[in-house]
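Student: Now for the letters of each chain:
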Amino acid sequence: MLKKARIALLALAAGAALTAVAATAPSVAATATAAKPAPASQSPATVPAAPVAVPAAAAPNPVPLLAERSPEYKKPGSTADHGKFKELQKTFKTGPDVTKACLACHTEAGHQVQHTKHWTWAVVNPQNKQNLGKKNVINNYCTSPISNEKDCMACHAGYGWTDGQFDFSKEENVDCLICHDSTGTYRKLPGDAGHPVYERREFPPGSGKFVEAADLTKIAQNVGRPSRRNCGSCHFYGAGGDGTKHGDLDSSLNKPGKYLDVHMDAEGLNFNCSTCHATKGHQVAGSRYQMDAALKGGVHTRGKADESPASCQSCHGNKPHKSKLSLLNDHTEKLACQTCHIPEFARDAIGTEMSWDWSTATKTMAPDGKPILVKDSAGRRSYDSKKGNFVWDSYVIPRYTWFNGKMDYKTLGDKIDPSKVVAINTPGGTAGDPDSRIWPMKVHTGKQAYDPVNKTLIVTHTAGEDETSLWHNFDWKKAIGTGMKAANLPWSGEYGFVSTEMWWPITHMVAPKQDALSCEQCHSDNGRLKGITGVYLPGRDHHRILDLIGGTISLLALLGALIHGGLRCCFIGRKGK
Amino acid sequence: MWKILAGLVFGVAVALFGGYSYFPSLMFTERVSPFGVEETVARIQQNIQASNKGWTLSGLRNAAKPIEKDGGNVLPVLMIEACSTRYSGPILKDDTLRFLSILMPCKISVYKKSDGKVYIGTMNASLIGAMFGSKVGTIMKEVAEDQQSFLKFDPTKPAPKMIEGMPGGGGGGAGAGSAGGC
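Respectively, the protein sequence lines represent chains A and B. With the first letter of the first sequence counted as 1, position 112 gets the number 112 in this note's numbering; the numbers rise by one all the way through. With the first letter of the second sequence counted as 1, position 153 gets the number 153 in this note's numbering; the numbers rise by one all the way through.
Derived from the structure by calculation, the hints contain no laboratory data. Hints are not guaranteed to be accurate.
DMTMM-like mimics (lysine to aspartate or glutamate), calculated; alpha carbons at most 20 angstroms apart, straight line [claimed, not checked]:
| hint | chain 1 | residue 1 | chain 2 | residue 2 |
| --- | --- | --- | --- | --- |
| 1 | B | K117 | A | E520 |
| 2 | B | K69 | A | D265 |
| 3 | A | K530 | B | D70 |
Start from the sequences and build out the full structure, keeping to the hints where you can.
Tutor: Structure representation (structure tokens):
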């Protein structure tokens with residue numbers, strides 16, 4: 001009996017203690033037993049062993065279910081049924097055959113596409129006349145498409161770009177279907193120079209998975225407006241795998257929940273990419289090469305003239321918060337909307353690649369000399385003999401920086417300082433610049449090959465089955481020789497590896513408003529914006545004199561109240577007598 | 001006399017307040033992991049499986065998933081559930097102690113915070129056990145020792161694969177409960 005009573009009492013005490021504890025965060029923060037982080041080779045990282053940009057390469061079933069297809073598929077309300085068009089009532093053998101049929105009616109479409117970045121992979125920076133675009137910049141992932149066109153052009157809106165001799169004037173080489181297929185069965189694989197799969201084949205080779213040949217007639221008869229899947233077939237899989245490149249774009253956005261993107265929520269607003277990236281004459285708004293980081297003014301009405309509609313302000317205006325939250329509207333002078341409303345990016349199990357170290361590529365092979373692929377704990381690629389080491393993460397807290405929408409890029413042949421981390425691109429903007437806002441960024445780090453004599457980054461011929469391809473022969477010198485020759489750049493014959501970083505503005509995966517950053521997440525000593533300079537941030541920044549004055553005033557006020565109260569008590573006591 | 005009484009009451013109040021403030025940090029521990037969320041989970045799971053004291057993994061629960069399903073966001077929280085019949089058996093056999101099944105299975109929580117770091121949260125099994133008499137105290141002391149061994153990582157070893165799809169419901173916390181071990 002006594003024992004039971006004792007246990008009951010103890011249980012009650014423990015329960016009360018647990019209840020008290022439940023509301024309080026634990027305060028002890030020790031360091032885990034393992035002091036050092038694992039080497040990059042053992043660190044987090046998905047993706048097939050297959051080379052380069054792989055639209056939907058990771059999808060085990062290449063044909064999505066009807067319910068997963070684009071909302072435009074057979075959507076009632078369209079005034080045209082392409083299945084009834086005479087031009088499309090025939091068997092198409094190649095992509096260009098389909099394009100010719102499209103152009104028979106859409107006479108200006110080919111010409112329009114040929115003036116877009118999706119076709120040219122080139123753009124001139126209006127500020128400094130720098131030649132940008134995929135064709136001209138070096139990135140922090142696969143580095144450059146030059147000499148690797150057969151693989152990389154799986155994501156070109158065209159057919160047959162195999163080398164520097166590609167004819168950009170041929171309209172029949174424009175690929176209409178990559179953006180307008182609504183069956184979800186049109187796939188382009190690395191190695192085909194942008195052509196779709198014409199014959200059923202195993203992909204990735206040796207995987208046991210097969211990609212069916214595209215039924216071009218069926219696809220041509222079922223075209224529609226671009227869906228999230230169309231855009232995502234390239235933009236979700238940039239740099240060779242799902243979620244690899246951007247951090248805020250991956251295949252989870254094909255059918256996202258509200259938590260992931262409040263605008264694209266498949267059960268809610270269900271925005272397509274083109275809802276924001278409004279398109280006129282095939283020119284897609286909202287390129288990261290020509291960003292406007294500090295749009296001002298009211299709400300723009302869709303359909304009216306708008307230079308850059310792919311911004312939050314286009315719909316929400318510059319004072320988006322309701323009157324009781326009007327203080328937040330003052331923040332729009334300093335903060336991008338994304339800073340508060342995208343508290344983390346890669347908010348799914350897919351994650352995003354945070355680092356790519358090329359220096360370890362070719363270093364570790366299987367005992368039989370074949371390349372190996374090692375995955376991390378989450379099943380993402382961690383080491384690939386062809387590509388080196390990777391580090392992945394998900395639910396990533398962004399880095400914040402002032403950004404005016406303009407990036408300064410390293411382009412082919414630019415000099416670098418190998419003693420420092422080479423910034424592949426540098427966001428422009430300062431605190432005092434009225435066109436700058438504090439932006440969330442993904443910063444991707446890595447190591448890539450450079451020429452220690454000429455002090456330039458290097459173009460490497462990675463993809464292909466020829467004798468000099470890195471992924472075929474695993475010989476860096478041969479691969480660099482071919483790459484630099486194709487890029488028409490001088491090479492000393494030497495190579496090393498230099499640390500690099502690349503900045504990516506985060507603009508997608510907008511969380512529901514209740515999940516936006518709270519005040520104290522920035523306005524505190526170790527808040528999100530602790531690295532931001534040039535602005536006084538209450539709660540983070542302290543001024544000794546101001547603090548002293550404030551403290552003194554508070555103390556005096558307290559003393560005054562106490563003295564006043566004390567005196568009144570005394571007088572009340574005396575009155576009573 | 002009243003001064004002594006007032007002093008006593010004041011002393012008790014201070015002690016209670018101190019205990020109330022300090023107790024939470026004793027009941028639970030939190031430490032920083034040198035690895036990412038998935039790798040931390042995988043390494044702990046590996047250590048649990050390597051233990052020779054009857055421990056089995058009984059679940060991996062993702063507490064963030066139901067919130068995401070409801071349209072909200074929280075940073076990842078993965079709860080590893082493990083049980084050893086060697087410890088659970090004696091407690092569950094005793095009718096006076098069966099209510100302690102509410103503490104089963106043992107949980108180790110791995111989560112990310114706004115600072116971007118990954119943390120490991122555990123219950124102080126030793127302290128909690130001591131509150132329920134010597135039998136439970138002895139058992140829970142051993143549990144606490146085992147728990148500490150699960151958190152020793154060897155970074156030279158390659159990252160193991162995270163084990164999902166266990167009875168606890170790796171896919172989002174909607175599992176039917178734990179089957180393995182307890």
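Student: All hints are to be evaluated individually against the structure, with a verdict given for each.
Tutor: Structure-based check of all given hints:
About 18 angstroms separates the Cα atoms of B:K117 and A:E520, which keeps this hinted pair within 20 angstroms; it holds. At most 20 angstroms may separate the alpha-carbon atoms for a hinted pair to count; B:K69 and A:D265 meet this at roughly 12 angstroms. For the hint linking A:K530 to B:D70, the alpha-carbon distance of about 32 angstroms lies beyond 20 angstroms, and the restraint is violated.
When held up to the earlier numbered hints, the structure conflicts with hint 3 and nothing else.
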